[in-house]
Amino acid sequence: MSKKLLQGHAMKNLMCWIPLALGVTSVAVANECASKPNTEQFFPSSWGIDVNNSRFVSPNNTGINADNVHRLELKWAYGLSTEAPRFYPLVTPDTIYIGDGENGLVALDRESGCERWRNEDAKGDIASSIVSAPTRHGPTLFFAHRQKGVFAVHAESGATLWQRGTTSEPLPLYSGSPLVADGVIYVPISSQEIGLSINPFYACCTTSGGMAAFDIETGEQLWYQPTIEEPAQVTGSHYIFVEKWGPSGAPVWSAPTYDRKRGVLFYGTGENYTAPATDTSDAIFAVNANTGKRNWVNQFTANDTFNMACVAGTANCPEDEGPDLDFGAPPVLGNDRDGHERLFVAQKSGTVSALDPTTGAVVWRRTFGRGGYLGGIHWGLATDPEQGLLYVPISDFPAGLALTNDPSPGMYALNTNDGEVEWFTAKDFSQQAVAEAGFWPGLSAGIVAAKGVVVAGDLAGDIEAYDATDGDVLWRYKTARSFPTVNDVPAQGGSIDSHGPLLVDDLLLVSSGYAGVSMQGGNAFLVFQLNDEAADSVETSASVESTAGSD
1 MSKKLLQGHA MKNLMCWIPL ALGVTSVAVA NECASKPNTE QFFPSSWGID
51 VNNSRFVSPN NTGINADNVH RLELKWAYGL STEAPRFYPL VTPDTIYIGD
101 GENGLVALDR ESGCERWRNE DAKGDIASSI VSAPTRHGPT LFFAHRQKGV
151 FAVHAESGAT LWQRGTTSEP LPLYSGSPLV ADGVIYVPIS SQEIGLSINP
201 FYACCTTSGG MAAFDIETGE QLWYQPTIEE PAQVTGSHYI FVEKWGPSGA
251 PVWSAPTYDR KRGVLFYGTG ENYTAPATDT SDAIFAVNAN TGKRNWVNQF
301 TANDTFNMAC VAGTANCPED EGPDLDFGAP PVLGNDRDGH ERLFVAQKSG
351 TVSALDPTTG AVVWRRTFGR GGYLGGIHWG LATDPEQGLL YVPISDFPAG
401 LALTNDPSPG MYALNTNDGE VEWFTAKDFS QQAVAEAGFW PGLSAGIVAA
451 KGVVVAGDLA GDIEAYDATD GDVLWRYKTA RSFPTVNDVP AQGGSIDSHG
501 PLLVDDLLLV SSGYAGVSMQ GGNAFLVFQL NDEAADSVET SASVESTAGS
551 D
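Its first residue numbered 1, the sequence shown is counted upward by one per residue in my numbering.
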């Protein structure tokens, strides 16, 4: 793909933008680059780079590696209209698609950052990666909007083709990234009740999480698998007249993993919102990809009942409040060094496990750090088939739980055969370092790996590239700062969380800022590029003090 993407720059101004006559909202911006995007190739194919959620970018798709990563320099910055960006970009030979808050879905020229078009049907809260697939309408983009459900948008014109949500849950929340495979879009389903629970007069809670499958051509729902199959019942009351309900919860808010050989979909769940607890919360599911029927379920933390009323201190918090130890990181399907297929799963508790993908049985298990509601492991792992390593980012943010273990934020590299630590690079969480950074430096966002290198952003706003062989920091850039922008919207970086960085061709893309609980908001979308003149680079490997150590 890489050569075609680079060749696409020469074609970017040869074709005019022509909207589809579909009667939907799509805006071509005046005095901007209104040419039609080149849609010959798209990258990546999913939130996890591939359907296995490996988060590994091969040399065919990026030229960035351990030898040249120090030459990355900021190319341009774009000021977002939200301080809590939740999208993962999609790239073509000449275009970068992003989700920009109240501007909706935006197509940017990848060389200059100018707007090609925007789709304002999707404005508000694009909450997922943007993925693509060919349909009868042509090249089509898919993504999830937290409240509005799944969108299908024409990649060349920006016109909305269809918009759908599940009818199987009364209060769905679309918080996870969809996966497109073999003509089907698989959509994680969470519940709005996680937030509604704050209201002490709300009768909490009756809904569950789940996984839905839709036809990519029409948006028709093909099947829905709830995480809790038994209906909720009244379990008591508070304030005399406000009913309590259960069981509920077990949301799915991370991307699923597709095993094409077995025809199986894997995904993780979160906590129960209310009692009684079920055996499907904080669990890994394996379901038939054609029907949604369960193959197996493996629960890792029992009796974890928690909702946002526990944070707010209101009446809907369960009496036996749990630690809130979701599976936010998608399962990773890969091989160990001996060629055995494994499903690598990681939890907010800080526990990493290798499972037999056929049965769900645990092959090995390791725990790092102390966990917490921002991780432990929060958003995602990465594998490296060349090194035989599993890269594990640890956050260990010091809040949310009655924690007794010492924190251990940083990047771990594990032997895929047994989970033993090959190297560990610690984050400096000394009182002085946290004061200077302005925030906790743990690794909560998803990470990405390429040949000889692992890239991660932290909650204090730094982005770093680690040497895959020993954990040395090869390049570091502080994004928690202000930036001039190509769209003249003031941009300020902040915490790097959620989907994390993307590598493609000679570019590194990342959103800086995440206005969540205990995080620093920001609105900077940053595009870095390899500079051929290594001597001109300010932040080279020589200027970075390594924090590598051993476990």
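It is possible that part of the hints are untrue.
[Stated by the list, open to error] Pairs of lysine-lysine residues, derived as PhoX-like cross-links and limited to a Cα-Cα distance of at most 25 angstroms, are as follows:
1) Lys451 to Lys75
2) Lys293 to Lys244
3) Lys123 to Lys148
Since the hints were derived computationally from the structure, they do not count as laboratory data.
These numbers come from a predicted model, not from an experiment.
Hint check results:
1. Lys451 to Lys75: Answer holds: Lys451 to Lys75 is near 22 angstroms, not above 25 angstroms.
2. Lys293 to Lys244: This hinted pair is violated, its Cα atoms lying about 30 angstroms apart.
3. Lys123 to Lys148: holds (10 angstroms)
Comparing the model with each earlier hint shows a violation of hint 2 alone; every other hint is respected.
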